[in-house]
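Q: Sequence:
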Amino acid sequence: MSTIVWLRHDLRLADNAAFDFAVQRGGPVWPVFIAEPDGPWSPGGAARVWLHDSLAALAQELAAVGSRLVIRQGDPLDVLRELQAETGATALAFNARMEPAGRARDERVRTSLATALQIKVGNSSLLCRPDRIATGSGAPYRVFTPFWRQVYASLRQHPTLPLSAPAQLPAPDRWPASLTLESLALLPAKDWPMGLRQQWPAGAAVAHRVLAAFLDEAVDHYAVARDFPALPGVSRLSPYLHNGQISPRQVWHAVHERAAARGALEPSERELSWLRQLAWREFAHHLLWHFPTTPDAPLRPEFEAFPWCDDEPGYRRWCRGETGFPMVDAGMRELWQTGLMHNRVRMIVASFLTKDLGVHWRRGAQWFWDTLVDANLANNTLGWQWTAGCGADAAPYFRVFNPITQSQKFDPDGAYLARWLPELAALSPADRHAPWLASPLVLKAAGFELGRDYPAPMLDHAAARHAALARLEQSKR
DNA sequence: TGAAATGTTGGGGCG
DNA sequence: ACGCCCCAACATTTC
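When we follow this note's numbering, the leftmost residue of the first sequence carries the number 697, and every step to the right adds one.
Zero decoy hints are in this set.
DEER-style ranges, computed between Cβ atoms:
| # | residue 1 | residue 2 | range |
| --- | --- | --- | --- |
| 1 | 799 | 777 | 17 to 23 Å |
| 2 | 849 | 1132 | 49 to 55 Å |
| 3 | 989 | 909 | 37 to 43 Å |
| 4 | 1147 | 1172 | 36 to 42 Å |
In case anyone wonders, no lab produced these hints; they're calculated from the structure. The C-beta atom is built at its ideal place from N, Cα and C for all residues, glycine as well.
Work out the full structure, taking the sequences as your base and the hints as a guide.
A: In structure tokens, the structure reads:
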């Protein structure tokens, strides 16, 4: 009796069905991570850095329970075959992936190795398996609210506790060879903001501290504070959820424990407003599962022929945060420097790219994929199709964000703008939202020159909005 | 999980 | 006292 545990997006010991299976079964356990050849949606630059640090943390966690992390590289099926031959393992356990390429590969591994190994496929990355939830007519959900209602009802009816972490993992007598983490070359050679790694200490223990701090200090204000990017109003758990350093079930359970601690049977409205966001993650995976072409193709087929603009210079200015619209640029610079962008700002920059610039949402999705630490195919696809208006439960195409109004509304004192655009800090908070509208005398007095210290706006928003609506009209015909 | 255009209402200044 | 205009505030429609 011995088990290979193949780890991917479940880099934790607790609430991990694969480890649970291996320990229940008894005998030595070989935890293995396999770096795969680059495919179309293989991890982007920021995600690779994050993966590097996450694997290092996992190796330490494994060492603490008497085990190790075996690192290999190559086609997973070949590598797993080799490992079986080397170790004599009799079982393989892993947690199912939800994105199209991962599902196909899992299926290939499962069927190819089924005769040689006992295989356990767990489900530890979602609260609700996408194939176990459907509308009354049996179709997949395309609208969030009814989806959420069903998820909540079913979890309330069948609450499940997170699995506990094994206190000890039985080690084999002899460890197979392992690559070093460094040899995977996940860290870029140069030119990457080092702030990124300081922002995101990796590991399950950190993830649980982040969660605990959020529940202590912020969850009760979340419903309001989450829209104000200058405030510490959001959990910042998404990178940990993506890698599985914390599981959604652990998060769900922690909120229910918090409610139980004050004698409540159910979470408060405020706590639910946050769990609702966790359910958006479920919804995104639900959609990706049932509509696997959506990373590249619009869910709503009428958008296949949409007249997107090929504005390459505009796209580059957007990427660099040099559009001249402070709220857009602040978000893009936060993204580049930290690997994360506040969700409210994500909607604003995404609207700017797809509506004001008219650039295809896939270009934006690709940039986010390369720069986000929490880059996740399901969430990224949902978010971009939502903004572009071509997805499930999407904002109608004509819903165009005004980057100035949004800025005034959600960063009224300009603190977020000043944080990421220090060149605007000398201006009064009111003038930061649209410096080209400020009085020239005031700008001069502040020693600020538009075009020198900060770019002039690259377009006229009102005109861009009309052009966007005209493109919609054009695509209808 | 918008924003702009357009419509309606009501208070107050004024002749 | 009255009608008229202005305009802010709010509501509705439209993109």
